[in-house]
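Participant: These two chains come separately, so use the hints to put the complex back together.
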Amino acid sequence: LRFLSFLLAMLLAAVSPIAAAAGSQPPFRITMLLFRGCEDACRGFQSYLRQHDIAAEVTLRDAAQDKPRIAGFVQEIQRTRPDLVVTWGTTVTQEVLGPWNAPDAARRLGGIPVVFMIVSDPVAAQVIEAAGKPRKNVTGTLYLLPVETQIKAARSYLPFKRVGYIVNPAEANSVSTRDELLRLAPAQGFELVQHSLPVSAGGAPDGSTLPQILDVLRSQKVDLIYQGPDSFLNSRREVLTDGALARQIPVFAAAEAPVKSARALFGVVNKYEDVGRFTAAQAMRVLRDKVRPEDIPIELPRNFSYLINLPVALQLGRYPPLKLLDVAEIVGVESGP
Amino acid sequence: MSVATPPVLQRWLRIALLLLAAQVLALALQAVLLVHKERDLLVDITVARLGVDADEVRAQVLRDSAIGLRLAESRGLPRLLARQVLDDPQIAAVQVFDLDGSVRFAAGVPPGPVPAATVEAIGRARGEWFDAAALDGAAQLQVGRALIDADDKPAGGVLFTLHARHLAEQIAGAREAMLPRVAWTLGGVALALVPLLWLAAVGAKAWLTLRTRLLAAALLLAAGSSLALTLLTLPGFAGQIEPALESKAERVAAGLAGRVSHALALGIPFDRLVGVESYLQDSMARHPELLLLRLEGDGKAYEVRRAGEVDRTVAAPVTGADGNNLGLLLAGLDPGVAVRELRTVAADMAIVFLVAVVLFNEVLGAILSSGDAKAQAAAGTRHQRLGLARLAVFLLILSEELTRAFLPLHIAGLAGNVGLSPGTAVSLPISAYMASFALLTPFAGQWSARFGAARIFALGALLSAAGFGWALAGGGYGAFIAARCLCAAGYAVGTMAMQQHFLQVGGAGERTRSLALLVGAVQTAAICGAPVGGLLAQQFGSSAVFAAAAAFSLLALAVQKLDRSAGHGPRSATPQRLLPLLRIPPVRWSLLTAAMPIKLVLAGFLFYLVPVALRQEQYSSAAIGRAMMLYFVLVAASNPAASWLSDRYGWQRSLVTGGGLLVAAGGLAGLAATAGWLDGPAALMIGIATLGLGTGLSAAALQALLARHGAAAVVLLRTVERMGAVAGPLLAGSLLGLMAYGGVMAAIGAVMGVATLGFMLAGRQQRRVA
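Heads up: the sequence lines are chains A and B, in that order.
Under my numbering, the residues of the first sequence are numbered 85 to 421, in order.
Under my numbering, the residues of the second sequence are numbered 1236 to 2005, in order.
So here's chain B without its partners, still in its complex pose (with noise of 0.2 Å):
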């Protein structure tokens, strides 16, 4: 070995580089997380607070509307709204206003009249609506709730303007303190990295290879300025949200002391007052961040609490007939709220994480491979050869990825009015997806050969950016289905052509490892993907999310452009037809029994009904996207040991049979929750682990299956799948309408079940014809 040349210190310096970009781009998002956070809490606390006062105008309408009054008749609601303005400095004004949105009670300074849209949004809310867009113009926060009348029928609505300039400075100071401390964060790194650089050339020379050292200086740095990054931010998170929950305290302390006087005032002695103790029970199992409430005065004190050291308490005064003080209503506060809320954006932070360092590697694997062409060229393997091209299909394929967890709730935004049952109209988008993929597929394979591999990909890396940016320009439902087709054929023509290049470039006698490099880039994206474009869809909206597809398309190109490896050229090759293979009873009953159906529940199951069912189940798409990462990395950690045993024993019939056989068995799960033994999401995530290892079992098992009757049949399979992947949104969309999630769980399984039962004969069929 020589001593450090410039090529080398240059190729270090890359590498430094690299890890320094990663951990910016980390550390960014991270930081956009945590602000977030703090903001969400700020406004929740708020909203929360105003929802005791939006109970009040509820039950009071309900009341009227019992006994036949209009909204606009109600005897007690000028009194209710005029005692509210009163007991809240914050509150600016209340509205209550009907159906047409004509306001029919008012008290404080309304800031006008209610907008439609307002009327409207309040109207379609579940329960506060609110609008912190305002908070950073006017520095104004609108909460409003839907009214129902006696006959659960809506009756219209009640809209509170809070002053909000503490809170938006609160907000706005939450975000320029985040700067310091990531700027912080990134000295730190920048001082940890030439040490940890130097020990990764180094050190444990013997047992690990460069790249493992350098990946364990990665993660080693990842987690250290990620958890640096935490703490800093705890006490001033704990310091802005304190003042927020305390307010709160006060409103729910000051309300509890009103009712207690108004019994006072009744004429109930002090100590004689009745069911104390259960009326704070109740109070406190509306406010978690509650530990004690205690009623004290003249000799007797009334306490409820919960387990855990109080921190600070506030105090409302109690006071009886003539007014007098006769005691005190006290609330204490937890004082690990703070801490529990960040840990709430832990399984984020750590996506965020893993993605960075996910990333570091595939860029590292492209950078040592490329670094040195003399080196590649004397011993280049295909491994070194295959690094751009393989970070180009990551990329790629990251880019498709990152919509999944979102899709079908982005749709359902769009389907609006589009005359269709909600099921269809989500499931109808996902389906064209698959059937242009299905369809451009057995051509894609074709045009690579001909046209060459560089520009068929090319050719596809642009038409999914294409077809993302159509997207993110919107037009409506329509053009949001041309948008998908578009993407679907890019990604089709784009992963096609790929897999001809490496299957050029392995040569024959690395095939399979070239493919296995393919392989790995395609699960590698997939496990990513999802979580982290759920994550972003839910911090920065779906439009982001296609922004950053698009880049993603774009880069995947522009990498791909660098790369000088051979096996780009055109190639002659006479096209085997596809549809003979059919006439073929093995090849036929495997197609129409194993991977139809398996692509059917993967697309019909995890692609529609899991962010659907999710979604209903009030979860946000950071969280979808992360139930369905548990799918790939199932997948991905179940199918080296079954192409092993395929390998190896030669268990390809039982391993699709038994990779069938707990796929459909993930179905009992949906039946177990519409009997109620399970609640939903256990459900869906009980489908999900089936499916990530029934496929893992036989997805390697099956397309050996089918390899021995030729290269043909292998494409045929992959065209076949698709055909699954159009059903099963359909299917999974047009039962949705007729039965719960769980029931369409269970229908889904049942067809893989009734479809690996026909492999199973079909296989004892053959046997005895053989």
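Bound conformation, chain A alone (with noise of 0.2 Å):
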């Protein structure tokens, strides 16, 4: 009996979300293309969908940080033939949507919406052409936050005039946020204090000088490291941030990671999971209102988090102003206010 109403129960479950859109659609169809697997953002995406009631069946796929394993994904899309796909990453995006303006690349998906998440700088990654400029079946999010307005923020916590920075050649987005901050740096203050990382031949940027880069910025007196949004300079985190403790240099981080799970003192960021929230709420204006995704504005979440790193404050001894508190996510300790 107990196995006959368990049975039941299972139907029942597998009925419902049909059986709440009473006739009017089945569950919403999703594939989900990811590079790391199912992090913050792609959690985030599927709690909106399930605090919202949506009746949504969602497939992940994870290339788990190997490009070529994209290719066979974008084949199985050809023939399952999701309602949407989302991509993560400006890997995978470029992977399965090519330039913006290749000859082929309005067929490659054959007409499915795609909305995209955690892609640095969409426009250099050419997943489109500009801002303004929307792309056919396309649209996503942004999760990067204006160079402007981070260095406005910094400044909230502690006074600056100069700023360290590690330009890492081989990325096109340190480079833009190294043009960026130069471009600032009259207007709001500050003298931009810049150290590129060598790179080899086959144009890959060595680590191991990480160390030297910072003798030579503390030596140069910096009051402040500003780490960008750079994938290399992120899976260093750890010696960047600990040598820049080390040498009593608080690092401002334009991601979450260096700050939450390194020693980055503080950063003003989108939270990943809130981006992938924001990302689903796109989605389901696709999915749901019918609005053809070129559309749908690419934006970045309004509500951002100013984390602070409380042990790597006090160890700096570089407390946070009172009117911070009120409004930061402390990093660090147990409980909130």
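No lab work stands behind these hints: they were computed from the structure.
Glycine residues also receive a C-beta, built at the ideal position from the N, C-alpha and C atoms.
The hints are all genuine.
Partial selection, computed: residues in chain A whose CB lies under 10 Å from chain B:
| id | residue |
| --- | --- |
| 1 | Q135 |
| 2 | H136 |
| 3 | Y241 |
| 4 | L242 |
| 5 | N387 |
| 6 | L394 |
| 7 | P395 |
| 8 | A397 |
| 9 | G401 |
| 10 | Y403 |
| 11 | P404 |
| 12 | L406 |
| 13 | K407 |
| 14 | L408 |
Facilitator: And the structure:
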């Protein structure tokens, strides 16, 4: 009897999304293409659907940082034809969509709408032509705050005149961030002190030089190191932030990980989970509200988080102002306010 | 002069009683004002204290919704609400409900589900919503605030329920304490009355008339009693609000101490706290009753202060990570709050004072004139014979003017869902009123000639009373328009009948002077009516004003029945035909380019736009009434000088042109407000002032210009003026749907400007023809 009632419950559960939609439509079929497993943004996307009682069948495909696998996923999508595809990260998005001006770009997924997320700079990555120029069947979300906003936010914590920046010539967005910082420097009243990572003949940056670069930055008396949205430096975040802390230099990070899982002092970021939720809201506009993807502007989520790594603050003796404590998310301690 | 005879004594007794009655009335109203002020202040302070908590709830909901959580899914609310109930022992419960009113989170012991009416009221309120009515019955105060999501869309609301027995007792205590104060003051008045009247009877006979001396005595008495009542109230008032201010300051200090404790608990050393001063500064800016905020402990202190001597301080402990005391947060209170708050009722008290003296003056005129019948028959000037008639017409007009300041706001409340645009919905009843007025004006003159002015005045007073009674009874938007039309009919019929009466009694030689008596009554009523009506509406609601207006109409009827002066009988007259007059170009052009537009501005700007715009700027109906009073005061002040210039030098055309251009120039202030060079209320005041001066300059001259073409031309003038008054609110109402009120003001000014240019051109044309 117990088995029977269990079976009945399972049957009901399987039918319920359809029953709930009572003759309107079956659950949405969504395929998510990931690069490093289902992390915060991927989970945020799914929890949004759950919390809004949206009946959806979400299929996850993880490339596990292996670029060639992505082509296989594209073939699978062409076969299974889901209602919507979500791509995570610059690499996956580029592999799935190709450059906006490639001849076969439009045909690749045969009209299945695509929503991308966690792409640092979709224009530089050639995913779209320009911010105001939509691409057919494609929309997405941004996650990096404008550098100017970040600089202003950093100043509400501590004053600075000299900002150190480590350029990674191998990554386009590291270079474009440097250019942006140079442009902002006069108006924002700081001086940019930059050092480039050496790059091997094969084009790979050399992380072993980081301690020397930090020493130079310290001797040049920088008040702050700005860590940009650079995948390579992000992967070496422990070395970078621990080294800076040992030299008593605070690090401001443009992304979440250096503050949350290393020793950057602070950062103003869109948390990946929030970006995932915001992306799910965009996806629903396509699926439920039937808005054409090209009519949905590619935007930043409006809420961002001011992250402060408290143990680092205490170690540096750079204490956050009271006003910031009211709004900031404190990292490295048990409970908030 | 004979020794005091019984009739003379009787007359003095009547004057003394009248003076005492005016004082009782004024003091009672002033006492009510003071009690209301105290109650409002106590409730406001408590509501402001809860506003700190409501802000926290609102911020939490915003943060949650920004990441896609619905209200019901909020992560932080349960902990926040529990903390709020724990922190403030006065909070009995907090409930957070969504749009359909179902409670999603609650802490404490809620009184029950949130009623639908409360949900709706909180959703509509701009800031904090509160229900002070429950204070008297259940000794509970409920304070609510609408919640919005990250897209600025309504998400629900939060409702705090407070244990307010203490607050209710304080308010009841304030009310009870007022009675002996009024009694003491009245006792003083009674004592001072006899010597003052004696002084008025015998002193300064050579320079001042009896009436002036009596008026001076009344002014002195009213000023003294108002001052005495205020001074008697001040200590109790301060004693009442101080504890409320103190507990609000404690809430602020505890909140700040909590934030500092949080920072210390994170491990920040006390002497290395960052940004304390600017944090305290922000908090102080939100709480004007604080003069000092100081954080002290462990050899270091942070402090911000405002100019002024701190009276008392309250303190909250600041604790560290392990809960041990590390310092104190002190909040210093401003001792001047009570005096400052009492000062805000000074304008209202002064209006009551003024109206008491004016009422006394009006009734005094009637008493002095009817006191000695024999003397009147012998030396009886028109002034004396018309005393009671003047009082009657004063009361009738006062009844109408009482509603002036709050009427558009009252209509806006009725016109919820009549399917008209808000601007039109408000302007329509005003225009219907003016139309009814315009239609009846020509007939009223004929009727009173046929049936006698007394009967027709009685009819007018009854119609007015019926109209106000109907407005009081309610019945919705349509019924209200009908009620207003009845009032208009009563007003038109009553004033026209009285005009006939004054002309008849005045006789050929004194026509201008008796008309001046009538105009004086009209102006005095207009000056008092708007501010006192606004005040009554603010304190007691619009129903009270409609009731008072109905009572004044009936009183007008009663006073007129007492009047036995001659000239009320029917009179045969052949009514002059009006329409042929329009064929005379000077008449036609003066009516179209001067008479009609200036009344268009009066009704569209002053009667419609000013109340609506000032309410938009959060002014009370009492303040609106005072603003409108400026117009009537300026008309009354500039009219005599303009009349004199018009009669003496014959500058009629120039005065009408000048007045018109001045009124048109007022529109420029609206333009300046739209451009941001001037703030809105200042622009409105400039508009009111130029309209008052412009009208004062041109009114008498325009009448004189038309009077050349016979009495019928003056009747035609009134009729055409009222047509302008019909168009004004409609024009302003429809424009207000399209632009801000500054723009509407400029547009109305432009209409006046174009019309005045037309008037100038027509004048030049006529001169050329001549």
